[in-house]
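Engineer: Single-letter residue listing:
4 protein chains.
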Amino acid sequence: MSGSTFGKIFRITTWGESHGRGVGVVVDGVPAGFPIVPDEIQKELNRRKPGQSRMSTSRAEKDSVEILSGIFNGITTGTPISMLVWNQDADSSSYEYMKNTPRPGHADYPYQAKYGIRDYRGGGRSSARETVSRVAAGAIAKKLLLRYDIEIVAHVIELGGIRAKAMDFDEIVENLEKTPVRCADIDAADRMQAAVDSARKEGDSIGGVVEVIARGVPPGIGEPVFDKLDADIAKAMMSIGAVKGVEFGAGFECSRMKGSQMNDAISLRDENVFMETNNAGGIIGGISTGMPITCKMAVKPTPSISKEQKTVDMESMKNTGISIKGRHDPTIPPRLVPVAESMMALVLVDHMMQNGSISSVSLLKK
Amino acid sequence: MSGSTFGKIFRITTWGESHGRGVGVVVDGVPAGFPIVPDEIQKELNRRKPGQSRMSTSRAEKDSVEILSGIFNGITTGTPISMLVWNQDADSSSYEYMKNTPRPGHADYPYQAKYGIRDYRGGGRSSARETVSRVAAGAIAKKLLLRYDIEIVAHVIELGGIRAKAMDFDEIVENLEKTPVRCADIDAADRMQAAVDSARKEGDSIGGVVEVIARGVPPGIGEPVFDKLDADIAKAMMSIGAVKGVEFGAGFECSRMKGSQMNDAISLRDENVFMETNNAGGIIGGISTGMPITCKMAVKPTPSISKEQKTVDMESMKNTGISIKGRHDPTIPPRLVPVAESMMALVLVDHMMQNGSISSVSLLKK
Amino acid sequence: MSGSTFGKIFRITTWGESHGRGVGVVVDGVPAGFPIVPDEIQKELNRRKPGQSRMSTSRAEKDSVEILSGIFNGITTGTPISMLVWNQDADSSSYEYMKNTPRPGHADYPYQAKYGIRDYRGGGRSSARETVSRVAAGAIAKKLLLRYDIEIVAHVIELGGIRAKAMDFDEIVENLEKTPVRCADIDAADRMQAAVDSARKEGDSIGGVVEVIARGVPPGIGEPVFDKLDADIAKAMMSIGAVKGVEFGAGFECSRMKGSQMNDAISLRDENVFMETNNAGGIIGGISTGMPITCKMAVKPTPSISKEQKTVDMESMKNTGISIKGRHDPTIPPRLVPVAESMMALVLVDHMMQNGSISSVSLLKK
Amino acid sequence: MSGSTFGKIFRITTWGESHGRGVGVVVDGVPAGFPIVPDEIQKELNRRKPGQSRMSTSRAEKDSVEILSGIFNGITTGTPISMLVWNQDADSSSYEYMKNTPRPGHADYPYQAKYGIRDYRGGGRSSARETVSRVAAGAIAKKLLLRYDIEIVAHVIELGGIRAKAMDFDEIVENLEKTPVRCADIDAADRMQAAVDSARKEGDSIGGVVEVIARGVPPGIGEPVFDKLDADIAKAMMSIGAVKGVEFGAGFECSRMKGSQMNDAISLRDENVFMETNNAGGIIGGISTGMPITCKMAVKPTPSISKEQKTVDMESMKNTGISIKGRHDPTIPPRLVPVAESMMALVLVDHMMQNGSISSVSLLKK
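Chains as they are written, first to last, in the numbering used here: chain Z, 1 to 366; chain L, 1 to 366; chain X, 1 to 366; chain C, 1 to 366.
Hints were generated in silico from the structure; no laboratory data involved.
It is possible that some hints are incorrect.
Where chains are identical, the list cannot tell them apart; a pair therefore holds if satisfied intra-copy or between any two copies.
Lysine to aspartate or glutamate pairs mimicking EDC-like chemistry, simulated, CA-CA at most 20 Å apart [to be verified]:
(1) Lys258 with Glu308
(2) Lys62 with Asp187
(3) Lys99 with Asp168
(4) Lys310 with Glu276
(5) Lys310 with Asp270
(6) Lys318 with Glu271
(7) Lys258 with Glu315
(8) Lys258 with Asp197
(9) Lys307 with Asp187
(10) Lys258 with Glu202
(11) Lys258 with Asp204
(12) Lys258 with Asp190
(13) Lys307 with Glu276
(14) Lys318 with Glu276
(15) Lys318 with Asp270
(16) Lys307 with Asp204
(17) Lys8 with Glu211
Note that the structure is predicted; figures quoted are calculated from it, not measured.
Chain Z with its partners taken away, still in its complex shape (with noise of 0.2 Å):
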């Protein structure tokens, strides 16, 4: 049962409900001598959150993050760095009606028949709200790769149906958040956000594919056979409410290619060894080749809609009907853009160290 824990080296335990107190997150490993501000953390944090615009819940959380240790002077110690959220306008007496009919495509039924009990407030812990505890240490991890000039960048390629055409990474960087659907094809994203409005309209929702991209990562990275870095990046993506599919590189495509189209051909650039295409996505073997990695995710539709839905009310055990109230993004995606950027940057930041690639001594002795 205790899950909550990820990463061997570079380890985050979060915690945290929905209409509890708040959530949280502690990141035990971070190396001593890394400058790290409460902005910095913020900054990720409204990435996440709700309220930005219609593709998004109207739940208006300040969310403002407190840093209660790990941290002195502004300067990383090497002890853990606990961070905290505060929970507040959080309406639950919306969530009453609930309490005995779980709710078609959500973990209360799982939830309930595991534990017998559960916070059904708002989903409890199986909220998207506990994607805050991801994003905050995201927020360190993806700092921390930067001073070994290693970026990451997630982004919206298909909303309902709808896709993005190719784009490279500093095009994507550059248009990511001007719009609210988060895709960087401007033109799909105005279709994009047509399609979320009339989902909304019919009290429905819709879902799509976030890609996530890591520049910069040396070859060598990842550990044979069971903790290959794929088989840990495609744990750290399904580990994220709403994912169902996980991909590298030309991904399910590859079923239907010869192995001539697949392999990818290894040439010399300027001295260096690289791959001229990179079907493989950057890892094969479990382990970095040096080229980007790049991992897709399916991200189902949005599990609580207004449209009424068949299920089963525990207590008189009776079938009956359900209408999701309450405040609700009609789509994914968008949100889980800063998620994935954070579960790439643990997932590299935890191997490097693993292997000694970042010491988690001290930095200023680096």
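Dock chains L, X and C against chain Z, hints included.
Structural biologist: The following block gives chains L, X and C in isolation, referenced to the frame of chain Z:
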């Protein structure tokens, strides 16, 4: 670098290279009082053994397993079960030519980049031969799950672009071994076989999709937030060489669905809660729902092809070409079937032991 | 560097420095359906709280615990329980003078050597204040064990060379809190107290021995070979600051015994197997025997003394002297009692969950 | 139940029973590019091998190690190193008589209570034979530490109440193997030997104390709060059968010392910080100080004695007596010396890899 151990309570540790002395596994955490005979392990090893058909390499390994510990008078004692398979018929000479020329699509280059040295004979540690250890351990896990009425089956649902029709669990189990491609849809299987044959003739290879299903998993298995059941299964499957993508239930399809289509209606059948559909693939919020767990994985085409490919001579640091000699499967999915079943079983047993559904102490007390 | 997490299934993660914002702990793996009220935690925190008697520092912390997650309507939900205690009355200014002069017997120098930076205020992370987190988590573990009729008590059996007489479990429990030194032998307690007072007068400090006993542990708890029950308890106790030695049963005495004296005769009492003596301390081969688990730990004298001591000025790299100002316990063992009980409880619960003796899922199903 | 794995980054997994096919270990995390020849392992195994002198059992195992993986052309490749030693000359028949009568002081009863079944031949998994695996892995760890100028030695400092005089590191290394009792104080060694001989004549056994010292460990190794270096060493030593107590530096003596006596004065020597004494045993706050790490362990007398002892017939559930036949050491400490050295080495390497002091990737890059 200690990536060769998998599992928390039911834990396996594997070792061995393709052309070393042998390969093996230590399975720790097997409940005491459980009867196991070598034949039960051997039966599964024979399923993954090469040289069975024209689908696979002509390398003829006997692959007879030796059980070295943990079993006393045919009964497990609760101590680690060490199993070993000696390597035979390994023709190393045929690999000398690739010592300095990494094979495209293979782990040669990243291993070299990581370790500065590699056992290049037959791919060394990154060879598919490593899966012998997984299957031997999986045989124990699968038998253990049967005690809890949990059945696992994997099958090829797509090969070279040819898709099998949907079939139910029992049909799949019945037809699975009837065709060398391990596709339960006999008609599709014939076409898949033809595709494999033509790929071989071209000196090329093809990829496919394997589905693994677990039936009978009770609701409530899985640990939020990071050790979600689907997250751990995704890691397990991605840790298998050649797998480039993993999805559950509707998987990537869900990104094109509306919430009202994706959500599985909750209903009653003989006073038991069930879902009328299974787009979730048996897991929501990282916890099993009681519905069958359905997981699909994308398998890339065999990287070893005789067609000439571009690579680099790491010694002279010059561009060059390579044509892979030796004995190789023209396609991987059929042989991956028992491996996928094993990894699913290993994850399920470990999770059921983590939450006490399977006690790690004596089954004699059960 | 991720050393702030303890336990495999019942897992705690602690954070906080002596003079930071506060200290806290995340307890993950607590079975669902278990009633917990803050007062139960507070009661234990009050036992370790300073300022209770002339035995301990005059620093007056309120130490009121706040439970931030994991409990819904007074019942555990199976999700992480986050507990926080704010720091108050922390006079940091009084530590400036030791910024560059590591205190003998303290972790100042090794921390500086490891991290290149340290929060020198009150010892920062290495302060005894960190034990607040252990005791808060231990309160939950101890209550959980009571459900399984397992009782734990710790007491001071030696202080400043004065030894308490042997007493049975119930006597210890009855007398434990009657004396500020937490020695159940009232007569010895008076003499211990005198020794503490004279040490204080001299500006010096004294050490002692704490014994912790667990009664009611069933036989069969513990995991060979490395995760032996006594091995994990030894780690737990040695992880407490100031502990320099740990022994079980006859402990170091056994090195002077013959096998015929040391071996505990196995015999029957009311048809149950028991040992006529308990030189083994309740554990053989790393597994509990059913006899009480008895563990003693050597506690060094408080390193903070006002007597002048030799040290080095790390800035000027010159030899110098230091006299520790501020408020300090003249002896540690009495305040270590609740900490030792907590660590014993944490190890036992974790081991009982590892082998399914305590299910990590709902107690409601028990 | 998965207790047979030790270490986080440098990780060993052991298997095997006293009278099974053999015993072995998988060492994962060994840096690549490190030369290892079987003789280096064999040399250490010979040190622990029985039948060397009248100190130990007459069981004559060849104990020749076979290296099955992880080494290519005499150099480590970074993949798991699997080592195996076949069992020979195992006379199982001589154990039938104890099938239902647990031996006092042995793990027979707790194993039976835990698993409901046990391999009673020669103690099965709980036999000292298991230490073959530790010593084989330790040989690699010790050689690795020499690269970092870290030397480890263990020796017997007390046996049957006879204490050796204090000696310096080099003397100990020089004299260690000169006497069968492995006591560097030759004069004391003679008296210890006499004590062993008389114990054997009486059909009894004696205990002792082993000290293990690590010289050259740089300051800054160890992870607060729970994974303290001394905490992990204590666990490692307590995990060795027959060890009933562990202490560091002044150990239990510190409980009778004043702070002014216990604290090690910090001073300068050739511009380097050192401690004028080493009561801390080289570790404060769980982190190495740069002084030698000194750890003592209490070793109980061999539980197997021919003298009649009380036990219970578990089948008839009646009190009975037992006299242990077969070949047994009259004392354990001398043979425990290489085991203690190995465990110390394993902990140090793992901790140095955890904080990047030893990189888990190629030493070729060093």
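Engineer: Confirm or reject each hint.
Structural biologist: Now the hints, each set against the structure:
1. Lys258 with Glu308: between (46 Å within a copy, 14 Å between copies)
2. Lys62 with Asp187: neither (31 Å within a copy, 59 Å between copies)
3. Lys99 with Asp168: neither (47 Å within a copy, 35 Å between copies)
4. Lys310 with Glu276: Between. Shortest inter-copy distance 9 Å satisfies the 20 Å Cα cut-off; intra-copy 51 Å does not.
5. Lys310 with Asp270: Answer is between: at 17 Å across copies they meet the 20 Å cutoff, but 62 Å inside does not.
6. Lys318 with Glu271: Only across copies: lysine 318 and glutamate 271 sit 9 Å apart there, 70 Å inside one copy, limit 20 Å.
7. Lys258 with Glu315: neither (55 Å within a copy, 29 Å between copies)
8. Lys258 with Asp197: Between copies only: 13 Å across chains, 41 Å inside a chain, cut-off 20 Å.
9. Lys307 with Asp187: Classified as neither; 30 Å inside a copy, 42 Å across copies.
10. Lys258 with Glu202: Close across copies (10 Å), not inside one copy (43 Å); limit 20 Å.
11. Lys258 with Asp204: between (40 Å within a copy, 7 Å between copies)
12. Lys258 with Asp190: The answer is between: 19 Å across copies meets 20 Å, while 36 Å in one copy does not.
13. Lys307 with Glu276: So lysine 307 and glutamate 276 pass the 20 Å test across copies only (17 Å; inside, 49 Å).
14. Lys318 with Glu276: So lysine 318 and glutamate 276 pass the 20 Å test across copies only (15 Å; inside, 60 Å).
15. Lys318 with Asp270: between (70 Å within a copy, 11 Å between copies)
16. Lys307 with Asp204: Answer is within; shortest intra-copy Cα gap is 7 Å, inter-copy 51 Å.
17. Lys8 with Glu211: neither (25 Å within a copy, 30 Å between copies)
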